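K.L.:
Sequences listed follow chains A and B, in order. Numbers given in the numbering used here equal positions in the first sequence, counted from 1, plus 32. Numbers given in the numbering used here equal positions in the second sequence, counted from 1, plus 33.
No wet-lab data here; the hints were simulated from the structure. Note that the structure is a prediction, hence the values are computed from the model and not measured. Note that beta-carbon positions come from the ideal geometry of N, C-alpha and C, so glycine has one too. Be a bit skeptical, because a hint or two may be false.
Under the rule of at most 27 Å between Cα atoms (straight-line distance), these lysine-lysine pairs were calculated in the DSS-like manner [said to hold, decoys possible]:
1. K101/B <-> K280/A
2. K202/A <-> K321/A
3. K70/A <-> K101/B
4. K266/A <-> K97/B
5. K321/A <-> K101/B
6. K101/B <-> K257/A
7. K202/A <-> K97/B
Simulated restraints, written as ranges between beta carbons of each label pair [unchecked claim]:
8. G106/B <-> D78/A: 16 to 24 Å
9. G106/B <-> E287/A: 36 to 44 Å
10. K101/B <-> V89/A: 52 to 60 Å
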Amino acid sequence: MRFVFLLGVMLGVFMLAGSASAGNQIDTSNVYIMAYYKMSEFPEIDLSRAIQEFDYVRVSSGQYVEGTITIWHNYRNGRDTGEAPDLEVIDGVVTDVPFSTDVTVRVKSDGWIAAWLTNEQDMGDMVFWNDVDDRNKVPSDTTLGQAIWRVTDRMGANYNKAGVNYYSYKYPEADRLLIGGRLRLYEYTYSFLIPSEIVVYDADILWTSYLRNLYSYHDNYGVLKVNGEEIYNKNTTNFGVGLYEYTKGSLSIEEDIQRDKRQIIYMKSSGWGSQGQCLLQSAIALLYKSG
Amino acid sequence: MIRVLMFLAVVVVLSGCTGQDVSVGDNSTDISVGVDDATGNVSDDGRNVSVPEDNGFSVIIELKEPPKEVIGG
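Working from the sequences, and respecting the hints, build out all of it.
P.N.:
Right, dumping it as structure tokens:
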């Protein structure tokens, strides 16, 4: 009888230990898409240093730190250093929506960094827009990659963008993610085509708009069309209205997109002057299984 | 005896709980390159999605299931 009892205790301890270990796993059921990267410089990561990069910490143990890193879209490195507005502006009204994307990040003591979007987020949260009021900047990375970069930068580690891998737990059959688009000051058209052979899981047209009228008597406007249909059109006709649009938007197209036919995205904006500015960025983001 | 049986029953229940945890099947440690330079005007191979590459940006990322140690605690 004692043997049975002892065996039971041992089994109980073993299973409880296993349960605790499994409980420390990332809950992938709420991971839309994840990026992961190994910091190879250090055999052991100083988590007390990594934690300084987080905006919010949910778990901090000897093995890992997990929490949120907020990527601010109007800064080159994604950190809010106070020079740009934090909140989106729509029709001249300051909203309560931060011009940022929250990325969930886990940094492990063995050097792995995982950064992911949750199922409540979408493809629009993937693009790091990188200085939306700077006409010379294009998106330099994904928001997930930028969050990983911030940790490596904090740690003094190298960041190799080509060393970041991605995976979608929401759509495990997907094997490709495409992000492509344009930054435009005046008038431009670009296009994309999706063959019928591929399976599309998620597809969005994304954009950012920066419109400002200081003392310009000219219209400052931004227009975005898909196959001739207007999806965005804003015009700052008010002299001296200041910052009028400072926002990002998205349009889900996976249900409606035509296959084997070139899709046209038309962009037009009033340009860049000292008194009135409009800057549009546009992208498509596709999560799909290649043919 | 009844206490022993109750304890073993608890053990069996706990065992069932751990079986419900999410696990990752890929045990690969390969983290080979899957990302092109976002500013490098990269295009797909023509068989899949394509984006014209003049005056813009484009990146195609190959998705790959992470090794177990990424997900583990």
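K.L.:
Now tell me if each hint is right for this structure.
P.N.:
Status of each hint after checking the structure:
1. K101/B <-> K280/A: violated, 35 Å
2. K202/A <-> K321/A: holds, 13 Å
3. K70/A <-> K101/B: holds, 13 Å
4. K266/A <-> K97/B: violated, 40 Å
5. K321/A <-> K101/B: Holds - the C-alpha atoms of K101/B and K321/A are around 23 Å apart, at most 27 Å.
6. K101/B <-> K257/A: violated, 44 Å
7. K202/A <-> K97/B: Roughly 13 Å separates the two Cα atoms, so the pair holds.
8. G106/B <-> D78/A: 16 to 24 Å: Holds, since G106/B and D78/A (Cβ atoms, about 18 Å apart) stay within the stated range.
9. G106/B <-> E287/A: 36 to 44 Å: Since the Cβ atoms of G106/B and E287/A sit about 38 Å apart, the hinted range of 36 to 44 Å holds.
10. K101/B <-> V89/A: 52 to 60 Å: Cβ of K101/B to Cβ of V89/A: about 24 Å, so the range 52 to 60 Å is violated.
When the structure is compared with the earlier hints, violations turn up for hints 1, 4, 6 and 10 and for no others.
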